[in-house]
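K.L.:
Each chain is listed here by its residues.
Protein chains: 4
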Amino acid sequence: MVLTGQITNFFLETRRHTEAICQPLEIEDYVVQPIIDVSPPKWHLGHTTWFFEEFVLKKHFEDYKCFDSNFSFVFNSYYETVGKRVIRADRGNLSRPSVAKVYEYRNHVTENMKVFLDKGLTREIEELVEIGIHHEKQHQELLLTDIKYILGNNPLLPIFSPSYKEHTPDNYNQEWLQIAEGIYSIGHNSNDFCYDNELGLHKVYLQAFNISNKLVTNLEYLAFIEDNGYKKFDLWHAEGWDWVKQNQINAPLYWHLIDGEWRNYTLNGLQNVDWAAPVTHVSYFEAYAYAQWKNCRLPTEFEWEIASQNFNWGKRWEWTESAYLPYPNYKKAAGALGEYNGKFMVNQKVLRGSSIATPAKHARHTYRNFFPTNLRWQFTGIRLAK
Amino acid sequence: MVLTGQITNFFLETRRHTEAICQPLEIEDYVVQPIIDVSPPKWHLGHTTWFFEEFVLKKHFEDYKCFDSNFSFVFNSYYETVGKRVIRADRGNLSRPSVAKVYEYRNHVTENMKVFLDKGLTREIEELVEIGIHHEKQHQELLLTDIKYILGNNPLLPIFSPSYKEHTPDNYNQEWLQIAEGIYSIGHNSNDFCYDNELGLHKVYLQAFNISNKLVTNLEYLAFIEDNGYKKFDLWHAEGWDWVKQNQINAPLYWHLIDGEWRNYTLNGLQNVDWAAPVTHVSYFEAYAYAQWKNCRLPTEFEWEIASQNFNWGKRWEWTESAYLPYPNYKKAAGALGEYNGKFMVNQKVLRGSSIATPAKHARHTYRNFFPTNLRWQFTGIRLAK
Amino acid sequence: MVLTGQITNFFLETRRHTEAICQPLEIEDYVVQPIIDVSPPKWHLGHTTWFFEEFVLKKHFEDYKCFDSNFSFVFNSYYETVGKRVIRADRGNLSRPSVAKVYEYRNHVTENMKVFLDKGLTREIEELVEIGIHHEKQHQELLLTDIKYILGNNPLLPIFSPSYKEHTPDNYNQEWLQIAEGIYSIGHNSNDFCYDNELGLHKVYLQAFNISNKLVTNLEYLAFIEDNGYKKFDLWHAEGWDWVKQNQINAPLYWHLIDGEWRNYTLNGLQNVDWAAPVTHVSYFEAYAYAQWKNCRLPTEFEWEIASQNFNWGKRWEWTESAYLPYPNYKKAAGALGEYNGKFMVNQKVLRGSSIATPAKHARHTYRNFFPTNLRWQFTGIRLAK
Amino acid sequence: MVLTGQITNFFLETRRHTEAICQPLEIEDYVVQPIIDVSPPKWHLGHTTWFFEEFVLKKHFEDYKCFDSNFSFVFNSYYETVGKRVIRADRGNLSRPSVAKVYEYRNHVTENMKVFLDKGLTREIEELVEIGIHHEKQHQELLLTDIKYILGNNPLLPIFSPSYKEHTPDNYNQEWLQIAEGIYSIGHNSNDFCYDNELGLHKVYLQAFNISNKLVTNLEYLAFIEDNGYKKFDLWHAEGWDWVKQNQINAPLYWHLIDGEWRNYTLNGLQNVDWAAPVTHVSYFEAYAYAQWKNCRLPTEFEWEIASQNFNWGKRWEWTESAYLPYPNYKKAAGALGEYNGKFMVNQKVLRGSSIATPAKHARHTYRNFFPTNLRWQFTGIRLAK
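Chains as they are written, first to last, in UniProt numbering: chain A, 1 to 386; chain B, 1 to 386; chain C, 1 to 386; chain D, 1 to 386.
Please keep in mind that the hints were generated in silico from the structure rather than gathered at the bench. Positions of the beta carbon are idealized from the N, C-alpha and C atoms, including for glycine. Please note that a few of the clues may not be correct.
As the list claims (entries may be wrong) - Computed footprint of chain D on chain C; a stretch qualifies when at least three of its residues, placed anywhere within it, have a C-beta under 8 Å from a C-beta of chain D:
(1) 324-330
(2) 339-352
Stated by the list, open to error - Restricting the straight-line Cα-Cα distance to at most 20 Å, the calculated cross-link-like pairs of lysine to aspartate or glutamate (EDC-like) are:
(3) B:Lys-332 / A:Asp-234
(4) D:Lys-59 / D:Asp-234
(5) D:Lys-84 / A:Asp-259
(6) D:Lys-84 / C:Asp-234
(7) B:Lys-332 / A:Glu-239
(8) A:Lys-245 / B:Glu-80
(9) A:Lys-165 / A:Asp-274
(10) B:Lys-84 / A:Asp-234
(11) D:Lys-231 / C:Glu-80
(12) B:Lys-232 / A:Asp-274
What the hints assert, rightly or not - Chain C is faced by these chain D residues, among others (derived, beta-carbon under 10 Å):
(13) Thr-8
(14) Phe-10
(15) Tyr-78
(16) Trp-176
(17) Ala-180
(18) Glu-181
(19) Leu-206
(20) Tyr-230
(21) Asp-234
(22) Gly-240
(23) Phe-285
(24) Pro-328
(25) Asn-329
(26) Gln-348
(27) Ala-357
(28) Arg-364
Please work from the sequences and hints to get the whole structure.
P.N.:
And the structure:
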């Protein structure tokens with residue numbers, strides 16, 4: 001829960017941060033979409049803006065003048081309720097609206113929101129604005145990982161920012177934390193903001209388990225590669241094994257074997273692999289196979305939520321063994337916002353924690369992120385349990 | 001656990017039943033594979049035989065003479081450990097070995113098994129044989145549903161058996177059973193046979209819930225169709241909605257709207273829909289959408305396992321909301337048998353119960369069946385919870 | 001032109017020959033369709049029968065009783081005029097009608113035709129019957145090559161007929177025939193039967209050219225393989241090069257490199273390659289690349305038609321450089337028969353000559369066969385020009 | 001043949017014209033690739049530059065300093081001889097090199113070429129430069145049609161240039177020209193520049209034919225649409241009919257039926273259809289079907305070449321019935337330039353004439369353009385023969 005007086009600042013600071021992320025980009029970088037899972041930066045700028053226009057300004061601010069009626073069509077993502085949308089695979093084919101025009105659109109909506117917010121809000125609308133802000137924060141993370149994909153798959157491997165550090169050193173050793181068998185409470189339990197998928201505080205029964213206090217490092221993962229982990233079918237799910245073979249996967253995304261040495265692309269360009277850093281850009285399939293190879297397993301999201309009070313997290317999104325399913329008594333919101341979470345609750349895995357790309361005030365230990373099992377372009381990581 | 005003296009009978013009776021299922025077929029029906037999920041009947045006959053040859057006779061019966069060394073290649077399904085295999089999509093392209101030759105192969109292996117079983121078994125080998133028998137029972141069910149698909153997708157809609165009844169009437173009303181909140185025990189807990197995925201008896205905490213004593217009927221499902229359930233995107237998962245649109249789904253599999261009236265293909269040919277029978281041949285996506293439309297939900301597999309002691313089941317495999325995941329302390333078997341279950345534990349949904357196609361001695365309330373969310377060719381059904 | 005008195009014999013002998021081709025088959029072999037270009041033998045038996053039923057008996061024999069009204073749907077190939085048809089990719093999924101039933105259907109139609117033919121025919125109907133007979137002869141060739149594909153792609157490599165010889169030795173040397181520049185006449189020019197695509201006798205102007213009196217042999221083709229012909233992109237069309245890489249082509253169809261030695265599948269099973277025999281089962285792409293490698297080219301169909309009076313032909317269908325296009329003044333027939341040829345006159349290459357699989361009375365030097373550039377399952381061959 | 005003194009001017013004027021075409025573009029428009037057949041404008045700018053760098057400067061100008069060694073990889077199109085290349089489908093994913101950098105590259109190469117040209121050229125190198133210039137002119141046409149596709153498929157339908165006219169009125173009537181039977185001479189026959197595929201002057205024999213003096217107009221084509229031409233399978237090739245159905249084609253590319261009225265996108269934005277203008281953006285399949293509907297046919301390329309001396313042409317590329325094949329005695333150039341034409345001589349149709357997008361000095365009546373039968377994004381047109 002944000003105090004009413006603070007929401008304008010929270011809104012403006014979020015809007016500014018989105019733009020700050022894009023500051024190093026060339027105009028061309030805003031436009032392309034190398035794979036379907038990645039969206040052009042321009043689209044993120046427009047879509048987060050469209051959210052405020054569509055759900056707040058058009059509905060609740062009678063003085064509002066729509067910037068361009070076509071933009072609703074261009075920047076809708078998947079909200080079937082709100083009408084036609086550009087199919088995801090086509091986002092990278094749209095040279096117009098231009099980047100300059102999208103920034104104009106952003107400013108138009110930001111300025112209108114400022115006026116609107118200053119008038120004071122009902123609790124209901126304030127909640128809507130809060131969702132819009134967190135929605136934009138979610139896109140800030142995608143923006144950064146999408147930019148990494150766009151530049152990291154360019155044959156010229158351009159540097160995004162020479163000062164960007166994907167990892168800062170840890171100075172503690174790997175240990176196994178022991179969690180006792182028993183009944184635990186799961187779910188969001190405060191007045192702070194959370195998404196609907198975290199609600200429904202409920203009890204679970206956990207068997208005793210051990211969980212690592214540290215993420216798997218690049219050095220540890222290298223041992224898996226060198227032990228031919230990518231060639232041993234019995235470590236993999238059948239579907240994972242097909243994925244490895246069809247895509248000829250033999251290392252995390254962005255790793256390149258050059259003259260016999262592993263290097264990897266980072267937002268600071270091509271670098272030597274930092275062996276002490278946590279391995280990242282691995283799929284669930286790889287996280288699972290690695291755990292099998294170590295005779296361990298991935299934690300469930302419930303184990304993670306309970307144990308996370310006892311270890312450091314926040315560098316890499318951590319794959320769990322849990323499928324993304326509704327909590328008991330899950331209720332989706334009415335109308336378009338009901339499309340936010342519920343309709344994705346099938347054939348996805350839960351990730352817990354957050355990553356270096358997660359913006360401030362957007363991480364909490366009840367947060368449930370989710371992705372299909374084959375995706376690697378997020379800053380994902382591996383934490384073992386047993 | 002089968003008494004040692006009984007295993008030969010159990011084996012022979014199972015072998016005979018497989019052949020009895022195929023008795024009404026024409027030779028041509030044994031050969032085709034209209035979709036990748038369906039296998040030709042001939043292949044089922046060979047594959048269940050290969051299992052005994054490969055894992056029992058070749059390894060443990062020194063007098064055994066291999067029937068044909070090429071058959072190992074032809075009838076392996078997915079056991080990567082055991083060498084090359086005919087890829088699934090190609091099974092329907094193999095006119096040879098002929099049906100007569102496959103029956104010869106069956107007899108050869110059955111006769112050798114009889115001699116082998118009569119010599120007495122160690123406990124370890126007995127367990128292997130038991131798995132082989134249950135493996136064949138599993139294929140008996142697939143055999144029947146694959147035959148239904150093969151005939152039911154033929155434009156001539158041939159009758160499999162004029163006496164086959166897919167449903168016998170119930171005479172009780174729908175009611176909601178109430179299950180109290182609390183700690184419950186889940187998993188297999190006897191000396192009888194079960195698969196490895198049922199082991200690992202463990203506690204779960206369930207919130208209070210209600211569950212229907214009866215499956216959803218064709219009549220109830222018709223109301224969903226007539227209320228345009230297949231056209232309301234907000235009832236569906238995003239992935240389910242794509243599936244509906246791409247495949248132009250508008251009714252359960254085998255339903256045909258002919259001159260304004262719904263008819264459906266059964267193993268007894270094209271029939272009027274039996275409105276009192278439980279709806280069947282629906283995907284998980286449809287089961288979920290139906291439940292949404294009723295403001296209900298599907299039970300989890302844990303809820304089902306606990307509640308099933310209080311209702312009739314066994315007509316339709318029942319979709320649950322649970323993803324197919326390992327139980328705590330799940331250990332997969334060493335070697336090829338370890339490929340039986342574990343490697344499928346991703347992106348599948350658990351079905352509980354059993355169906356009219358399930359053979360005798362193959363149903364139990366801890367049994368965990370599983371399929372991808374879009375498949376419909378099994379005798380699936382819907383039970384609501386709330 | 002067949003004398004009226006002879007047509008019944010011609011008809012019956014053709015019908016019998018189709019059945020004779022199938023004599024060595026197991027029932028299972030009649031059913032499968034391993035690739036879309038191949039049809040199940042059962043389908044050929046039915047389709048050639050359907051042609052007589054649909055275009056002759058139903059239209060012109062008032063006493064005719066239709067065998068089964070569904071068969072029209074099942075055995076239509078591509079005649080859009082005549083109504084719905086089973087799409088080509090699904091022919092191998094149809095276990096029914098059974099082989100026995102298809103033979104019953106054949107007998108029914110053959111017997112009715114016999115009665116009908118004995119009544120005497122108008123010239124117009126006689127021409128229709130003649131087309132039906134030649135249509136069936138065309139399918140006899142496909143039947144044999146489809147059978148070869150079905151058996152030759154079975155991992156058991158079954159023998160079709162131990163007495164089938166794909167080649168009988170030649171005893172003359174390769175020489176270059178010289179044809180003088182000038183005006184030549186092209187097209188069918190007699191009262192004998194021909195297809196509509198051969199009509200329209202017309203003049204062409206040919207530049208002087210040389211053409212080989214002999215087909216390229218397996219030994220000569222081996223030299224191309226051993227000189228890495230499949231790895232030299234500059235020998236190939238861009239589209240051919242993509243085809244080689246995507247399909248990992250490195251030899252003619254049915255060649256297998258086993259323990260360092262080339263063997264090939266023939267209708268008489270797996271054999272040593274007969275080095276003196278003409279190379280066969282090559283695509284147009286391969287024929288072109290081979291010619292490039294020899295600093296030669298393929299003849300045009302016009303060059304072939306003129307020169308073929310001076311060399312032996314009839315063992316292999318010979319790829320020409322000519323695209324399949326209408327002759328000047330080409331007119332397609334009215335109605336369904338107009339679909340026979342004209343609608344395929346795009347993106348196909350002309351083949352001239354005939355092959356060992358061509359039935360008697362079905363080869364003539366004006367015959368224009370045609371296939372897409374990537375297909376290899378016919379007995380194709382290569383003749384060089386320069 | 002260009003006089004030696006003129007080649008620098010010809011070169012510079014061509015380079016400038018390419019840049020002039022791009023003048024109205026936003027930076028974003030340079031980057032995207034909505035379909036595989038269209039290349040990003042940035043890529044055209046780079047690729048035409050790379051041609052001079054790779055084939056002229058690197059090989060023949062020893063003072064030349066390569067601008068960026070990675071560009072060879074990025075801007076190679078299909079020249080397998082010259083090394084790795086970015087696959088065509090990925091061109092639109094490359095945000096870098098930036099547009100500014102590509103213009104720098106252009107200037108670098110143009111300036112170096114200027115110095116190089118001023119030193120005087122051997123005849124051989126002059127020919128190479130001439131090919132480079134004509135290569136760039138070919139890309140000027142593609143540049144314009146690719147820009148039209150990029151903007152015309154954007155939901156905002158932006159205007160490229162408000163002054164661009166795709167048609168200027170004719171004032172003469174349609175008539176049939178009669179050409180007599182006889183021997184005619186085909187192929188390039190002067191010292192002016194031509195591509196290798198036009199060489200090999202040779203005789204052909206033409207039957208008498210009639211050809212229209214005028215292209216088919218939008219009004220005439222509308223009659224075909226309104227007579228359900230897109231729904232009558234018998235007007236189409238089998239492959240064309242599949243194309244119509246799969247892509248739901250019902251009008252030329254860029255036509256939109258809005259509120260019951262046909263409008264079309266032009267480089268001057270969305271406009272009313274100009275009914276007197278020649279129909280454009282039709283595929284070969286459509287051109288053929290239209291001709292069938294009119295009981296006419298398309299001319300062959302030989303008929304066109306002979307008859308074109310008697311009618312106006314130059315507004316639309318005209319589909320012919322001829323497949324793109326080598327002329328007698330066609331020899332492809334040695335090395336990479338040999339890849340220019342020969343390797344595309346399969347499964348393409350010849351277009352004759354030129355279009356409004358064709359730059360000055362790039363049209364001649366022996367020019368052989370070619371495209372696959374389904375493409376429509378060029379300014380194609382239809383001229384009937386009979």
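K.L.:
Decide, hint by hint, whether the structure agrees.
P.N.:
Going down the list of hints, with the structure as the test:
Only when three residues or more bring their CB closer than 8 Å to a CB of chain D does the claim for the region 324-330 of chain C stand; here the count is 4, and the claim holds. Judged by the Cβ-Cβ criterion of 8 Å, the region 339-352 of chain C is covered by chain D as claimed, because 6 of its residues qualify and three suffice. Between Lys-332 (chain B) and Asp-234 (chain A) the alpha-carbon distance is near 11 Å, which keeps this suggested pair within the 20 Å criterion. Of the supplied pair hints, the one linking Lys-59 (chain D) and Asp-234 (chain D) is violated, its CA atoms being roughly 55 Å apart against a limit of 20 Å.
Only pairs whose Cα atoms come within 20 Å are accepted, and Lys-84 (chain D) paired with Asp-259 (chain A) is accepted, the gap being roughly 18 Å. Among the hinted pairs, Lys-84 (chain D) with Asp-234 (chain C) is consistent with the structure: their alpha-carbon atoms are about 15 Å apart, no more than 20 Å. Restraint check: the Cα-Cα separation between Lys-332 (chain B) and Glu-239 (chain A) comes to about 17 Å, which is no more than 20 Å; the hinted pair holds. For the proposed pair Lys-245 (chain A) and Glu-80 (chain B), the alpha carbon gap of about 13 Å is at most 20 Å, so the pair holds.
Distance restraint check for Lys-165 (chain A) and Asp-274 (chain A): the Cα-Cα separation of roughly 11 Å lies within the 20 Å cut-off, and the hinted pair is therefore satisfied. Of the supplied pair hints, the one linking Lys-84 (chain B) and Asp-234 (chain A) holds, its CA atoms being roughly 15 Å apart against a limit of 20 Å. Simply put, Lys-231 (chain D) and Glu-80 (chain C) have alpha-carbon atoms about 12 Å apart, close enough for the 20 Å limit, and the pair holds. The suggested pairing of Lys-232 (chain B) with Asp-274 (chain A) is violated, with an alpha-carbon distance near 50 Å, which exceeds 20 Å.
The beta carbon of Thr-8 (chain D) comes no nearer than 33 Å to any beta carbon in chain C, farther than 10 Å, and the hint placing it at the interface is violated. Because the beta carbon of Phe-10 (chain D) sits about 30 Å from the nearest beta carbon in chain C, more than 10 Å, this interface hint is broken. With a cut of 10 Å, the hint placing Tyr-78 (chain D) at the interface with chain C holds, because the nearest CB-to-CB distance is about 7 Å. A least Cβ separation of about 17 Å between Trp-176 (chain D) and chain C goes past the 10 Å threshold, and the interface hint is therefore violated.
A hinted interface residue such as Ala-180 (chain D) counts as satisfied when its beta carbon comes closer than 10 Å to some beta carbon of chain C; here the least separation is about 13 Å, so the hint is violated. Here the hint on Glu-181 (chain D) is kept, as its CB sits about 8 Å from the closest CB of chain C, short of 10 Å. Look at Leu-206 (chain D): its Cβ gets to within about 9 Å of chain C, closer than 10 Å, so that hint holds up. The closest approach between the C-beta of Tyr-230 (chain D) and any C-beta of chain C is roughly 14 Å, which is over the 10 Å cut-off, so the hint fails.
Below 10 Å, beta-carbon pairs count as interface contacts, and Asp-234 (chain D) has one with chain C at about 7 Å; its hint therefore holds. Given hint, Gly-240 (chain D) at the interface with chain C, holds; its Cβ is 7 Å from that chain's nearest Cβ, closer than 10 Å. The criterion of a C-beta within 10 Å of any C-beta in chain C is met by Phe-285 (chain D), whose closest approach is roughly 8 Å, and the hint holds. Because the beta carbon of Pro-328 (chain D) sits about 5 Å from the nearest beta carbon in chain C, less than 10 Å, this interface hint is met.
The beta carbon of Asn-329 (chain D) is positioned within 10 Å of a beta carbon in chain C (closest approach about 7 Å), and the interface hint is therefore held. For the restraint placing Gln-348 (chain D) at the interface with chain C, the shortest Cβ-Cβ distance is roughly 9 Å, inside the 10 Å limit, so the hint holds. Among the interface hints, the one on Ala-357 (chain D) is violated; its C-beta lies about 24 Å from the nearest C-beta in chain C, farther than the 10 Å criterion. The beta carbon of Arg-364 (chain D) comes no nearer than 23 Å to any beta carbon in chain C, farther than 10 Å, and the hint placing it at the interface is violated.
Going down the numbered hints, you'll see the structure goes against 4, 12, 13, 14, 16, 17, 20, 27, 28, while the others check out.
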